[in-house]
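Chains A and B, in that order, are what the protein sequence lines are.
Just so it is clear: in the first sequence, position 78 is 77 by numbering that gives the first Met the number 0, and no numbers are missing.
Just so it is clear: in the second sequence, position 38 is 37 by numbering that gives the first Met the number 0, and no numbers are missing.
Keep in mind that the hints were calculated from the coordinates and are not lab data.
Note that the structure is predicted; figures quoted are calculated from it, not measured.
Incorrect hints may have been included.
Identical copies carry no separate label here, and so any pair may be met within one copy or between two of them.
[Unchecked claim] The calculated lysine to aspartate or glutamate pairs, modelled on DMTMM-like cross-linking and capped at a C-alpha distance of 20 Å, are:
1. 118 - 87
2. 31 - 149
3. 68 - 33
4. 2 - 134
There are 2 protein chains.
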Amino acid sequence: MKKVIVDMDGVMADVYHQLIQFEKRDSGTEMKPDSMTGKPELESFPNGKKHVNEVGFFRTLPVMEGSQKAIEYLNSKYDLYIVSAGMEFPNSLREKYDWLAEHFPFITWEQIVLCGSKKVVSGDVMIDDYPKNLDHFSGQRLIFTQPHNELIENETYTRVNSWEEIMEIL
Amino acid sequence: MKKVIVDMDGVMADVYHQLIQFEKRDSGTEMKPDSMTGKPELESFPNGKKHVNEVGFFRTLPVMEGSQKAIEYLNSKYDLYIVSAGMEFPNSLREKYDWLAEHFPFITWEQIVLCGSKKVVSGDVMIDDYPKNLDHFSGQRLIFTQPHNELIENETYTRVNSWEEIMEIL
């Protein structure tokens, strides 16, 4: 059975939506996604680095549109693993575990990997929004469109703009 | 540079020593390692399952003899990753992170992986005490002797009885 590796932040969880909400809450600024194209995620937000270190940031991330239904489908068809680079933010470890239990209760603990780098992760398909993760992966590479990666063109990636598109491919 | 994957419990951290201490504390029983040969780890201890779920169990594990010096050496020579199956015990996630920061401060967050199953972990060398982890690994397999694995004979494993032996091989 094919091993499918799915990233959390920016793929299953809508990090931009949360950062926009937190920025508005703290500074009153209404950030527009159009201004973020091609910029590193946290550089788009004046208080981005502060917000991702806040207790509860990862626990309360909104679910990416269409991801629950699609991942339940992929989970029935493939050997699925959720692989998230949470180690930079140690507060996020338990928050990510609890977030998955709430929103994706069909994912078992055996299927979860929280790491620093993804250089030792292997499988047949990887769905991720970051080139730094995809570039070390030897299988099929699906880049999930997010503002920070919109301008990247790489012929080794298949670009997917939504979970509906992923379901059509996999 | 070769990727070396090192397990925590039973390899870097002395789980048996901790379980023996906790058993003595709770029931007064002095467990002897000789009685544990070939038995699954937790089945050797009347209160083993309770103890591994206790807050602080993983944070206070004693360091395996010789592991600090040896891992510092391996870290200077190889692309080293610490891969631990902590997901079954969500309390352990932060405890394992803090334990590594205390006892192995030269290991960076990029080098840490906390997972459920190790089926998606790849590399050139794996040092682990569990066949269930080694058997999915395509590189060189070093089995670190612990009472539960002492009777296992498998020609695809290289048995190592101490960190000194690992340094002679790697």
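Against the structure, the hints come out as follows:
1. Proximity of residue 118 to residue 87 under the C-alpha cut-off of 20 Å is restricted to the intra-copy arrangement: shortest distance 15 Å within a copy versus 23 Å between copies.
2. For the homomeric pair residue 31 and residue 149, the shortest alpha-carbon distance inside one copy (15 Å) is at most 20 Å, but the shortest distance between copies (61 Å) is not.
3. In this assembly of identical chains, the alpha carbons of residue 68 and residue 33 never lie at most 20 Å apart, being 28 Å within a copy and 51 Å across copies at closest.
4. Both within a single protomer and between protomers do residue 2 and residue 134 lie at most 20 Å apart by alpha-carbon distance, with minima of 17 Å and 17 Å respectively.
Checked against the numbered hints given earlier, the structure breaks only hint 3 and satisfies all the rest.
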